[in-house]
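Peer 1: What follows is each chain in one-letter form.
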Amino acid sequence: MLKAVMSAGILKELIEVVSTLVDEARFKLSDDGIVIKAVDPANVAMVSFEISSDAFDSFEASDGEIGVDLVKLNDILSMSGSDDVSIETDDGKLLIKFLDLTYAISLLDPSSMRKDPKIPTLELPAQIVLSGDEFRRAVRAAEKISDHIALGVEGKMFFMEAKGDLDKVRLELPEDKLISLKSAPARSLYSLEYLKDMSKPISKADEAIIDLGKDFPVRISFKIAGDAGNVEYLLAPRIEAE
Amino acid sequence: MLKAVMSAGILKELIEVVSTLVDEARFKLSDDGIVIKAVDPANVAMVSFEISSDAFDSFEASDGEIGVDLVKLNDILSMSGSDDVSIETDDGKLLIKFLDLTYAISLLDPSSMRKDPKIPTLELPAQIVLSGDEFRRAVRAAEKISDHIALGVEGKMFFMEAKGDLDKVRLELPEDKLISLKSAPARSLYSLEYLKDMSKPISKADEAIIDLGKDFPVRISFKIAGDAGNVEYLLAPRIEAE
Amino acid sequence: MLKAVMSAGILKELIEVVSTLVDEARFKLSDDGIVIKAVDPANVAMVSFEISSDAFDSFEASDGEIGVDLVKLNDILSMSGSDDVSIETDDGKLLIKFLDLTYAISLLDPSSMRKDPKIPTLELPAQIVLSGDEFRRAVRAAEKISDHIALGVEGKMFFMEAKGDLDKVRLELPEDKLISLKSAPARSLYSLEYLKDMSKPISKADEAIIDLGKDFPVRISFKIAGDAGNVEYLLAPRIEAE
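Protein chains in written order, with our numbering: chain Z, 1 to 242; chain X, 243 to 484; chain G, 485 to 726.
Next up, chain Z with everything else stripped away, as it sits in the complex (with noise of 0.2 Å):
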């Protein structure tokens, strides 16, 4: 059982950093909020995200389990504005009210979804906190030249390189441009297609954690709807060519 009130914008931002992977979520409910563990299908990334009920202006949840068509609630979301949305299960429904409107959408069992995946710990040696935005900038700057990105730290530097058949593209951040660099010596080789998905959330972070080792995922972790809501994405590395 869920019963909750919000703002349509906070409801908006947890839909994007989920659907970034998967268009179809299980939420696990409690009294404490919502917590969300995807994996995308073809298995390269994970998304781990909870939602505390301080997000919320309203929530009641007893333990347990509903499947969400994001797409779908997405779609209708886009009617609402700014206005405050209510979502409620009801009998295998979704309602969602906002306004003069009421939409019911089917709940999807959730034992017929993939099973939440575990998200590994791993000890990855290098951190770099930057803006969000600054991230989002990184990204779009190797999408010019490839499709594959080197993430890394050489001394005291933040660096990402791309390389195409005869171009090349680098970026440099020193320590002072970033919020906080945990130094050691790290690169790894990502695919563009889910780092440009993913940047689109951890754009709006005012920090982003980045976790990186060599030849390893990267972590990167942050915040949304106002520090109620911590994202954490995995990302396998790539095996580089040269």
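Keep in mind that the hints are not guaranteed to be accurate.
What the hints assert, rightly or not - In silico DMTMM-like pairs for lysine to aspartate or glutamate, Cα to Cα no more than 20 Å straight-line: (1) Lys-410/X with Glu-13/Z; (2) Lys-144/Z with Asp-567/G; (3) Lys-680/G with Asp-375/X.
To be verified - Partial chain X-side listing against chain G, Cβ under 10 Å, derived: (4) Lys-314; (5) Ser-320; (6) Lys-335; (7) Leu-341; (8) Asp-342; (9) Leu-343; (10) Ser-348; (11) Ile-451; (12) Asp-457; (13) Phe-458.
Hints in this document: simulated from the structure, not taken from any laboratory. Being a predicted model, the structure only gives us computed values, none of them experimental. Ideal placement from N, C-alpha and C gives every residue a C-beta, glycine not left out.
Could you slot chains X and G onto chain Z? The hints should help.
Peer 2: Just chains X and G, lined up with the frame of chain Z:
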């Protein structure tokens, strides 16, 4: 013969109202202004439009008919900005002048065009008056769920309903949220394809008058061009499957 | 060798002017600045472009030629915002730096590129000077009707005319609506495809100088980059069918 000067905005409104249903229209001209009646190719919807000579900065016309390509005229007006436009018949052509430009487009032969529809007189028991903007929002809310929309009155309330295979949306506007309501049991199903297009010009009107019955056509009346233009749409109902 | 710093806007203007006709260009470098001459693949239009070293914040160049992929360079500059950009040749590469980014793109071999066109000297009897914006409006007005546009002078008036199968548009600008007019009988037909693209950079110039004759090429001259850049387009006429 027609020779008139008007703000480009008024001519664009006129075209938008009629081109919802047809690409070419027969303009009936007289001293009093212009009358256009048209039915869409599938015979599902009709428009009856009258604009008084008062809407124009200057207006001269002798009794007669001209056939106008609305799509071409609209395309040309996209060049006019908000300037005044002069239109004038001239030997089988329509001259359209604004700023330093003179367009001459061929008039269509009115006798080769489809006959004016006979607009039926319908006794429709329920009447809702609401802002055109609110009406458009109802139509757009339904589009998220279905290709059809039910409009009706229950007690002191106007409602809209749309049903997909699994999902549903309902909007309820009680009397105090409406400009006025003449209550009578009414409910009919309509194609959203038509209402979607009609709702664009309707949305600009302060007041839209909706006349409804049980499985009857809907009549939607509103004013454009600062009350000098009268529009009446008539849309046939669909058979409700249930 | 080239090493220069400039506002991103100036570099974007330069690219826009030349990429109207070609995707790759040969930059002739000297102490004085950059000269680019290019002819489109169909041999219908030419551009001659000179930009003085004064347009740059700093400029060093030794005499020589480099081949530049304008499409790639333009794509990269979309990341630069309005920041200053540094470009620098380096061992067969062009380094493009702004903010914390360094792009390295391959230079093209100038000897493998098409030879510079010889820009013919033409005596054109009529000359119209008007705002670039007004010129663009004339071109856009013609597009509604045809793929071709006639430009000409009759008495003390510049005119534009376009004819479709059934429709026509004419624009007349008498001398007092122009910046200046050197009158002489002139009328030539041109392809709108070329003028459409050319009219974009032209529209940003305060003054565009149009030199016309009877069934002769048109020469359009204007300045960019705060008068430090000189552009001359030459466009061959079409045979008028009438």
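Peer 1: Decide, hint by hint, whether the structure agrees.
Peer 2: Structure-based check of each hint:
1. Lys-410/X with Glu-13/Z: 24 Å, violated
2. Lys-144/Z with Asp-567/G: Between Lys-144/Z and Asp-567/G the Cα gap is close to 18 Å, so the pair holds against 20 Å.
3. Lys-680/G with Asp-375/X: Given that 20 Å is the threshold and the Cα spacing comes to 38 Å, the pair is violated.
4. Lys-314: With a closest approach of 7 Å, the Lys-314/X hint holds.
5. Ser-320: 8 Å, holds
6. Lys-335: 8 Å, holds
7. Leu-341: 8 Å, holds
8. Asp-342: Holds. Min distance 5 Å.
9. Leu-343: 5 Å, holds
10. Ser-348: 4 Å, holds
11. Ile-451: 37 Å, violated
12. Asp-457: Since the shortest Cβ distance to chain G is 45 Å, the answer is violated.
13. Phe-458: 42 Å, violated
In summary, the structure is inconsistent with hints 1, 3, 11, 12 and 13 from the numbered list given earlier, while agreeing with the others.
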